[in-house]
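Student: Now for the letters of each chain:
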Amino acid sequence: MRDRLRKLDFIDLFLWIVRAAIVAVILIGTVKTILSNPYTLRNWEDFIIFGIAQGSMYALIAIGYTLVYGVLQMINFAHGEFFMSGIFASTSAVAIPLARAGYLASHPIPSLLLIALCSILISIAISLLTERIAYRPLRHAPRLMPLITAIGASFFWQYYFRGLFGSQVIPFPDIPQLEGTVPFLHTFVLKSHVLVIFVTLVVLVGLNFFITSTRPGKAIRAVAENKDVAALMGINVNRTISLTFATGAAMAGVAGMLYALVFHQVHFFMGFIPGIKAFTAAVLGGIGSIPGAAVGGLFLGLFESLGPSLFLQSLGIPAFNQLKDVIAFTMLVLVLIFRPQGIVGERLKEKKA
Amino acid sequence: MSKRFLALIAVLVAGLVLAACGGGGASSAAFECTDEIGCVEVAAGAPIRIASALVISGPNADLGLDSQHGVEIAIEFKGDVLGHPVELQAEDDGCSAEGGQTAGQKIVSDPSIVAIIGTSCSGAGVPLAQIASDAGYAVVSPSNTAPSLTDPAQAWKPGYLRTAHNDKVQGAAMADFAYNTLGLTTAAAIHDGDPYTEGLANAFREAFEAEGGTVVAFTAVNVGDTDMRPVLTSIAASAGGAPEFLFFPVFTAECAHLATQSLEVAGLEDAVRGAADGCFSAAAAEAIGSASAGMYFSGPDLAFSGDTYTNFAAAYQSNFGSAPLSVFHAHAFDATNMVFACIEEVAKQSDGALLIGRQDLRDCLYATSGFAGITGSLTCNEYGDCADPKIAVYEIQSGDYVAIWP
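If you read the sequences in order, they're chains A and B. Residue numbers are given in my numbering: position 40 of the first sequence equals residue 40, and the series is strictly consecutive. Residue numbers are given in my numbering: position 33 of the second sequence equals residue 33, and the series is strictly consecutive.
It is worth saying that the hints were derived from the structure and are not from the lab. Keep in mind that the hints are not guaranteed to be accurate.
Label pairs and their calculated CB-CB ranges [what the hints assert, rightly or not]:
id, chain 1, residue 1, chain 2, residue 2, range
1, A, V333, B, D363, 50 to 56 Å
2, B, A46, A, I133, 44 to 50 Å
3, B, G45, A, I133, 31 to 37 Å
4, B, V272, A, V326, 50 to 56 Å
5, A, V194, B, A303, 45 to 51 Å
6, B, A46, A, G152, 40 to 46 Å
7, A, L15, B, V272, 45 to 51 Å
8, B, E36, A, L315, 47 to 53 Å
9, B, F77, A, D325, 44 to 50 Å
Ideal Cβ placement from N, Cα and C applies to all residues, glycine included.
Kindly generate the complete structure, drawing on both the sequences and the hints.
Tutor: Below, the structure is given as structure tokens:
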């Protein structure tokens, strides 16, 4: 103990103060809110459901960050654009023509499946192109180079799709069958939220099966473990890396579809903020870990939805809802200080860290 | 200090002096500029250059393009000013402080520009007014409505004027409509931190409370937020009860999210919803879609009349192939004409060349009185509020905004 005290230098002290301050704010705010509870049980349930729905989307996008990081140890900042490209293109090119023709209203299920399929395929195509053209030539370059390239690719796709479909907000057609609510506990849940949570669960279970029990999934894990040894075992490393990008992009395509159903509008810049949030979620859960991405996304969605009302409102902060991004990123700082490996991540060995 | 270093400095200083003489020599050939903040010289046959800084990309592009069309029609109708054609340099204000900064820097780096029409968004107007004012330019905004921009204690800078209404008027009109016409007594206001949205939400709050109503919640979201349900839930649970009227004077994307999601939040299903001129465009109507039922929009009264407006509307339709996209086209037309009138008044002519004093131009603009424009009779006060403000309230009927009040 005395040894540790002696080693305590200025930075450690500062970090301790930051930790203590953040924890104190959260505790004081939460206790005050609980004492003067301004919300009903139904409100709290609503906040939690909104948080889970939003968190599900973050989780699906975060999978892409975490898979690519696991295999290449690279943060693919263009991933938000994989998310945007699929749904933005399929809204403009598929959903709106289908709605105009009246087919969407008369056959909602096949139309939605078609839109989702287009969204997934376009996302995958964009991710494979980006990987082949922008990342593969830099596979052995210093790690900063693919990172900067990713940011460049992100800008490129944003403005490419802006050129294709315009810079305005494009409304996603309404689907009457998804409007309305279903009763649940003390509240009513939006049908679109039920769909989001259900689809996310199915997709995550499917992904888990794919990664743990199929040959391509095992190849991804082997390449993540050690590329050279995987190559010696007869695994085509380049193809496996492409497969990793495609898997992540497929998740992003599904997330895009769900996003459009919940928020009813798409825009060429819509991938930026969810992309950053999902990256946060991936780090929160432990980057490189698939369950980590799911858990991190869920936590982030819940923090954002519950946080302002739970511990900022009772502190008398004006316009406390504006601070939800601050909460999200403060959580990131807290996790990085307390548990750098993330909520469910393992401590990485020297080589990978 | 070595001799070589001294020699280098001497050469540099000599170069500067020569450059200064060269500059002075050229302009003194025809005129002498006596204006305290500088002059623009337009050579014989050369165009008079004005700049616009309006939002012409992104979700709010309709707002700025509409105003830019107004400027273009004003130039077309005017033809030559004192025998010189007029050239427009169109910049994008991005509807953000950064965009206003960039557009402002770009414009003031070009000394041949006489005046600036812009910006669309008040958030971009604050930095642009500062930059343009420091550089000696005159700025006339057809679209900024934030009260702070013409308040000398806040963001007003010498040389800034506007033909758009001040939001004190718009906020009061919306409060009057909600309290007296709709008979609603509790309200909530949401802004996004931008000077326009915050100023208007504040103006509404003050006026609504002065009418006798209660504002149960006053809060903000972020630009770029998509999930509005948590903030709406906390408004529905505010201490004063769920509000009967929900006013969110924000821009297109956030406005559409608030409009659609407020219908899905417990306690707000029956709240009457209101937005303002930042959410008043063809793109906004499309983005809001079916959620527009039971929603009201305040904005400038567009029931213009007179021959000028008839010609203007015909030219807009034939040049741009659509009805006006948003609300500030006529204000832009008037702003441009105000600038032309003042150029004609203050420019000194000699052999077909013009010399326009920048301070003279500003003085003339501030002295504008009873100027007959499409939007009414414009008279500027000393802090640049020139509008003849008439506010109307609209609702969307099958995709079009239809005025229903007053």
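Student: Does each hint fit the structure? Answer for all of them.
Tutor: Results for each hint:
For V333 (chain A) and D363 (chain B), the Cβ-Cβ distance of about 54 Å falls inside the hinted range of 50 to 56 Å, so the restraint holds. Take A46 (chain B) and I133 (chain A): their Cβ atoms lie about 47 Å apart, and the range 44 to 50 Å holds. The given range of 31 to 37 Å is broken by G45 (chain B) and I133 (chain A), whose C-beta atoms sit roughly 51 Å from each other. As the Cβ distance of V272 (chain B) to V326 (chain A) is approximately 32 Å, the hint placing it in 50 to 56 Å is violated.
A beta carbon spacing of about 46 Å between V194 (chain A) and A303 (chain B) agrees with the range 45 to 51 Å that was offered as a hint. Between A46 (chain B) and G152 (chain A) the beta carbons are some 41 Å apart, a value that agrees with the proposed interval 40 to 46 Å. Checking the proposed 45 to 51 Å range against L15 (chain A) and V272 (chain B) shows it holds: the Cβ atoms sit about 50 Å from each other. One distance hint, 47 to 53 Å for the beta-carbon pair E36 (chain B) and L315 (chain A), holds here, with the actual separation near 52 Å.
Under the hint 44 to 50 Å, the C-beta atoms of F77 (chain B) and D325 (chain A), about 47 Å apart, fit the expected range.
Of the numbered hints listed earlier, those contradicted by the structure are 3, 4.
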